[in-house]
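Work the whole structure out from these sequences, hints included.
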Amino acid sequence: MSTTTLPPGEKTRPAPARGRRAGISDRSRAERKLGWMLAGPAFAVMLLVTAYPILQAVYDSLFDFRLTDPENKSFTGLSNYSVILTDRIWWTSLAVTLLITVVTVAVELVLGFALALVMMKALSAIRPVIRAAILIPYAVITVVSAFAWQYAFSLDSGFVNSWLGWLPGISADTDWFGGTWKSLFVVCIAEIWKTTPFISLLLLAGLAQVPEVLQEAAKVDGATWWQRMRRVTIPNMKAAIMVALLFRSLDAFRVFDSIFIMTGGANNTETVSFLAYRQTIARLEIGLGSAVSVLLFVCVVLICALFIKGFKVDLASARGEG
Amino acid sequence: MSTTRPRRRVLRAVLGAALAAGALTACSSGSGGPPSLTWYINPDSGGQAEIAKRCTDAAQGRYTIRTALLPRESSEQRQQLIRRLAANDSSIDIMSLDPPYIPEFAEAGFLAPIPQDVAGRVSEGVVDSALKGATWRDELVTVPFWANTQLLWYRKSVAEAAGLDMTKPVTWDQLVRAAESQGKQLGVQGIRAEALTVWVNALVASAGGSIIENSDARKPEDIELGLVSQAGVAAAQVMKEVADSGVGGPALSTAGEDANVNAFEGPDAGFMVNWPFVWPRAQSGVEGGTLDAAVPQDYGWALYPRVTADQESHPPYGGINLGVGAFSAHTDLALAATECIVSPENQAYYFVSNGNPAAKESVYTDPEVVKEFPMAPVILESLRLAVPRPQTPYYSEVSEGLQREYHPPSSVDPQRTGREATDLITAVLQKKELL
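First to last, the sequence lines map onto chains A and B. Quick note on our numbering: the first sequence kicks off at 1 and runs consecutively. Quick note on our numbering: the second sequence kicks off at 323 and runs consecutively.
Hints listed in this document are in silico derivations from the structure and should not be mistaken for laboratory results. Treat each hint with caution, since some may be false.
Pulled from the structure, derived: some chain B residues nowhere near chain A, Cβ distances all over 10 Å [to be verified]:
(1) ALA441
(2) PRO572
(3) PRO602
(4) GLU722
Straight line, CA to CA, 20 Å or less: simulated EDC-like cross-link-like pairs of lysine to aspartate or glutamate [said to hold, decoys possible]:
(5) LYS754(B) <-> GLU546(B)
(6) LYS73(A) <-> ASP620(B)
(7) LYS541(B) <-> GLU71(A)
(8) LYS541(B) <-> ASP87(A)
(9) LYS753(B) <-> ASP590(B)
(10) LYS753(B) <-> ASP544(B)
(11) LYS490(B) <-> ASP620(B)
(12) LYS541(B) <-> ASP64(A)
(13) LYS754(B) <-> GLU742(B)
(14) LYS753(B) <-> ASP69(A)
(15) LYS478(B) <-> ASP495(B)
(16) LYS541(B) <-> GLU667(B)
(17) LYS693(B) <-> GLU683(B)
(18) LYS753(B) <-> GLU212(A)
(19) LYS238(A) <-> GLU212(A)
(20) LYS478(B) <-> ASP620(B)
(21) LYS754(B) <-> GLU543(B)
(22) LYS562(B) <-> GLU742(B)
(23) LYS541(B) <-> GLU755(B)
(24) LYS454(B) <-> GLU755(B)
(25) LYS754(B) <-> ASP69(A)
(26) LYS753(B) <-> ASP60(A)
(27) LYS454(B) <-> GLU634(B)
(28) LYS541(B) <-> GLU212(A)
(29) LYS753(B) <-> ASP64(A)
(30) LYS754(B) <-> ASP64(A)
(31) LYS454(B) <-> GLU535(B)
(32) LYS73(A) <-> GLU543(B)
(33) LYS562(B) <-> GLU546(B)
(34) LYS73(A) <-> GLU429(B)
(35) LYS754(B) <-> ASP26(A)
(36) LYS754(B) <-> ASP60(A)
(37) LYS375(B) <-> GLU667(B)
(38) LYS73(A) <-> ASP544(B)
By construction, the Cβ of each residue, glycine as well, lies at the ideal position given by its N, Cα and C atoms.
Put into structure tokens, the structure is as follows:
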């Protein structure tokens, strides 16, 4: 089973091999120092705005702490976590979140790839127009897009029922937000519409990296379009695909706006971030809510680890260095 | 040396500008002129802003009132106010509060105490349910402003065709059968939202029970619920009947007050329980040409339906009461301002212009009010019977728990749902379960 990629050395720059670390040159040491100096301030800001709140949440999650009753704040250890992890709600919201993540990311990958091809191959005269048109949904604020989709599907102001009434299972009385599956269907559609441009943009960058020489060589060898796609294009942009998948999965896992606007978590459509919001902001149970947030954070770390270790995504290669 | 100096000068200029900007924003509400009070209001049709203006004029330079708009949903209004008050926000002088959240605010110490003399003046002639809603642990903690209640709205033509005598009290059972026989809808709020709690509470109260049986419980884990009582079962039975008969319409599980009014203006309308805003809305629909003038002429109104034929109904109570922020720098002026805001003239103005019924009984005989709202006497009668939603500092837990178990209404099982809701809410209050 041969796939065609250029040998590492012939791409842009050699990938830093592991064995080379011992003999680090003066120049690369200077480069590393410059790198730290350039990235340092950003790193410090990141620590301040992300690490500090994360640590604060971890600390708060160990307490029974209600915002309106600060005097009775008491240390309860890990009991918040055991309450959450033994509760059906947590597991349903986790399942719903995973479902939304898997469905939307899978559909978006296929759609996004198709759109990236369109953007890539479009006539240069209309290319800017097509790119702009494809990117518009991504520029729409998520809350606005959630409202738009909700209005489209709702019973009183929606047009979907009257347009698609000829389809089996859809009638003028179909209440899209009246059941779990139908609600999740609309949520997924809205998410897919909104974020496919993001994936297609990342994939477009990947497509642009596939060396034209390889395509031509394959063509000369008599490879069909499908063979070129499978053996040349996709293997060469694996890094871009994986990075797009990783970013989008992390993003999809945090889905909040659509649920908040469209269903408010009714009919078992609650996601993990919505659960955290409700415990912290609506119930004012800072301790319990922080524990949910910490668990959400752990999930995100696990997804990252799965991609980076499990699928061997090299984040550096996505920048065109690998 | 020469290179650092200009840089320092730039830094100094930037810092100076920042400080000046901070000082300017801090001053805008304070020094020079009378103290400015900030009144956090819920969105309305401009009535509260107008009242603020009138009271500013009436204060003759003692204070001015500025309004700040809160979010649309009352739960979100609560969230914003609590977040600010938990941080001791001194900019909150007066706030428009939804009554169910008042115990929580009072218990947390977010409300400035109301002196006896003020309390005496502002509770004079106030309808009983509004007074109850403004009180926590036998003390008036907020100033009653306006009081809302739900009426039974009906289409005269449908009620007549079904042979219902609407001059006498009707039961839910009768309404369901009438709507069924005419193929019309009975509009109720089946949405998973506060409106559902309102419905459940009114049903339980009308059946002679109450959702919380010991609202003076000091600790959350001591709260006892009355959902498995006979009244609780009877209430669940009504919900099940409405859902199973299909008279609630196809969108029952997502229908809120607005969706109900939309449906009530349509061809399938028969009956509906809803707040009085139904009336001004129909009037403006006719004026705007979106509603046939014959439609509101067919509207009838009566007291909230009964659960059992021989027991008076207890309609929902809502509205807005005014709290004075505990961290306000001018609590005395804020209290004086609330007295002005709730004057009978302002309540009458608010009723007529915004459709929000007054808390003071005398307003209901105001000729202008009666002219605009022919149902004003029924509203007053309804307010006298109305009961507040469960009064507890943990109201949002109780309400959310109810919404989870009683939604969708078609899933309600009179024998089971009350028990499940009790178990859930108790476990949540004991912090053994999530919500």
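Report task. Assess, step by step, whether the Cα of LYS541(B) is no farther than 20 Å from the Cα of GLU212(A), and give holds or violated. Result -> 73 Å, violated
Query raised in the report: Is the hinted pair LYS454(B) and GLU634(B) satisfied, with a Cα-Cα distance of at most 20 Å?
Result: With Cα atoms ~19 Å apart, LYS454(B) and GLU634(B) stay inside 20 Å; holds.
Report task. Mind checking the alpha carbons of LYS754(B) and GLU742(B) for me, to see if they're no more than 20 Å apart? Result -> 15 Å, holds
Requested in this report: Evaluate the condition: distance from the CB of GLU722(B) to the nearest CB of chain A exceeds 10 Å.
Outcome: 7 Å, violated
Query raised in the report: Are the Cα atoms of LYS73(A) and ASP544(B) separated by 20 Å or less?
Result: Holds. LYS73(A) to ASP544(B) sits at ~19 Å (cutoff 20 Å).
Query - Holds or violated: LYS754(B) to ASP64(A), with C-alpha atoms at most 20 Å apart - result: 12 Å, holds
Report task. Starting from LYS541(B), check that the Cα of GLU755(B) is at most 20 Å away, please. Result -> 17 Å, holds
Query raised in the report: Is LYS541(B) within 20 Å of GLU667(B), Cα to Cα?
Result: It is violated: about 41 Å lies between the C-alpha atoms, which goes past 20 Å.
Requested in this report: Measure nothing beyond the straight line between the CA atoms of LYS541(B) and GLU71(A); if it is 20 Å or shorter, mark the hint as holding.
Outcome: The given pair, whose Cα atoms are some 14 Å apart, holds under the 20 Å limit.
Query raised in the report: Within a Cα-Cα threshold of 20 Å, do LYS541(B) and ASP64(A) meet the stated pairing?
Result: 14 Å, holds
Query raised in the report: Taking 20 Å as the top limit, are the C-alpha atoms of LYS754(B) and ASP26(A) close enough?
Result: Distance ~60 Å between LYS754(B) and ASP26(A) Cα, so the pair is violated.
Query raised in the report: Taking 20 Å as the top limit, are the C-alpha atoms of LYS754(B) and ASP69(A) close enough?
Result: 18 Å, holds
In summary, the structure is inconsistent with hints 2, 4, 6, 8, 9, 16, 18, 24, 28, 33 and 35 from the numbered list given earlier, while agreeing with the others.
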